[in-house]
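A.B. asks: Here is what each chain is made of, one letter per residue.
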Amino acid sequence: MAKRVGMEVAVAVAEAVGQCDIDMAAVYPITPQSHIAEHLSDLVADGKIDAEFVTVESEHSAMSAVIGASGTGARVYTATSSQGLMLMHELLPIASGMRLPIVMGIANRAVSGPLNILNDHSDIMPQRDSGWISLFVENGQEAIDLSIQAFKIAEHKDVLLPVCVNIDGFQLTHMVEPLEFPDQELVNKFLPPRVPYATLHPSKPVTMGAFAMSDYFTEMMKAKDEALKNSKKVIIDIWDEWARMFGRAYKPVETYKAEDAEILMLTMGSMGETAEVAIDALRAKGVSAGLIKLRLWRPFPFEEIRAAAKNAKKLIVTDRAVSFGGPGGPVFSEIKSALYHEAHRPAIYNYIIGLGGRDVTVKDFIGMVEKVIPYNAEKTVDTYEFWGVRE
Amino acid sequence: MAKKKGLATWQEITTGCVVFNPGSASEYHTGSWRAQRPVWNNTKCIKCGICYVFCPEGCVQQSEDGFFKANMDYCKGCGICAHECWPRAITIVEEK
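Sequence order for the protein chains is Z and C. FYI, in our numbering the residues of the first sequence are -7 to 383. FYI, in our numbering the residues of the second sequence are 314 to 409.
Bound-form chain C, shown alone:
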């Protein structure tokens, strides 16, 4: 049902909406919910990883240079990373 163009009709959805494809939640990009986004200031970042630990979406990733960034396909802009970042390296800005 996922391969078809557009959303499934009521006749096409599985009985009881059973999902037979494990891990398919990753196809759902929750980043579309976002109204605000986190912005990292790497001059203040000490690479402690507290943003990575606290992100409830698990969308904060460490780059090869050791700094962190969020995968915007899944970041909902909840601001928990900015709240927890004690060196104040993360600010939350409005999406344009």
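Here chain Z stands alone, though its shape is the one from the complex:
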């Protein structure tokens, strides 16, 4: 078993990517992602990994550069945050439409304005429909593990889609945690070299990113949707393989004391561990509470969510982003649509929390559960609330 080391999570993500035999990276620095860019460029400059680090003038260029490099058959990586991700937005559906297995780390941060550099999920949510596989991590170890797994998922012949790994900015990226790096030989075994579906090469010319009008566009979109939906099976298989090789198991939906819980809470990302402490405190007081942690945002794990929520009377969904003028948070919207056809479904409540880096404490989670205890589950309060907003 590998030795544990104390390391900042952003640096550790770059180390983990360095274990993946990447050929090229193009990363433009932006808080709180910058330490990934810095450390990855160090690894290249110090000759520790045999890869090109392309210094670009913007995130739009970073994504363009990795798209081009991936087209040649290279294994590529980029990372960004917030405004940088917004600038990449135009290219994200192109990467997935061309079915390029790009891996991107996202140090999640609020989008302007007003300008705010701290954590929430308002950067990834507008990218939801870009056709990328989207994973969320809860701690530094998961950030390492999923950053490595992401390449294998993306490059699998039945997937061939870009993957983003969401790592809460500051709350995770800037934490120093005890971390275990997988043994390099085992990583090599787990992640063999990429076998591209097609490459840009003068000896065998192909066209990538071709033009398609109304006669073919629908078929392409259907193929992309099917690929994304079918990727869930591959992701689960790869997680099983990871568990066998490295001893840490991952599931699309993780649960904590959820099976017999009357009141469930749902979190995505780093808040999960705080919420677990709240569940323990509530259980000690005799409240039948449990937790669902959503790891797989796209493809959305409908069956797993239905199974996890089937015995609960009440379900509190937390969101770190707002769909302004819409149904509340984007996670809430998805959970409601997953449960709509269920004969026995819990009453669902939505709390918008942790915006722009606002701290979410154990007390907050306990408060949310205690707030819904007196609610009549038969009469759903179909609304959402900005938790802790001053008024």
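Please keep in mind that the hints were generated in silico from the structure rather than gathered at the bench. These numbers were taken from a predicted model, which means no experiment stands behind them. Don't take each hint at face value.
To be verified - Cut-off 27 Å, straight-line C-alpha distance, at most; resulting in silico cross-link-like pairs (BS3-like, lysine-lysine):
| id | chain 1 | residue 1 | chain 2 | residue 2 |
| --- | --- | --- | --- | --- |
| 1 | Z | K(-5) | Z | K243 |
| 2 | Z | K216 | C | K318 |
| 3 | C | K318 | Z | K214 |
| 4 | Z | K302 | Z | K371 |
| 5 | Z | K243 | Z | K225 |
| 6 | Z | K221 | Z | K328 |
Assemble the complex: chain Z is given as a structure, and chain C must be docked to it using the hints.
C.D. replies: Same frame as chain Z, now just chain C:
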């Protein structure tokens, strides 16, 4: 996939719509987009070739007699040839 009758299904298109057959864009006849067509009046034409130079589709060709005509499989009817033809030998007429 191009050999089959009719258009390919979503299962049949290549992953990411990669085109493995170089130059296959010529199989796509952009002339079907056309609403207007250029007509040459060879009594005014001085065979300068400005229509040939400016055609963005590259579909204007010189005939053996030295006059020019457009390949209607690809001519989109954009009218640039008529606009550039300074002896006014090309007119743009509506497709019927």
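A.B. asks: Each of the hints needs a verdict: does it hold here or not?
C.D. replies: Each hint tested on the structure:
1. For a cut-off of 27 Å, the pair hint linking Z:K(-5) to Z:K243 stands: about 25 Å separates their Cα positions.
2. Of the pairs offered as hints, the one joining Z:K216 and C:K318 holds, with about 24 Å between alpha carbons and a cut-off of 27 Å not exceeded.
3. Proximity of C:K318 to Z:K214 is assessed by CA-CA distance (about 21 Å); at most 27 Å being required, the pair is judged to hold.
4. A threshold of 27 Å between alpha carbons decides the hint, and for Z:K302 with Z:K371 the separation of about 18 Å falls inside it, so the pair holds.
5. For the hint pairing Z:K243 with Z:K225, the CA-to-CA distance comes to about 11 Å; that is within 27 Å, so the pair holds.
6. Between Z:K221 and Z:K328 the CA atoms are separated by roughly 19 Å; this keeps the pair inside 27 Å, and the hint holds.
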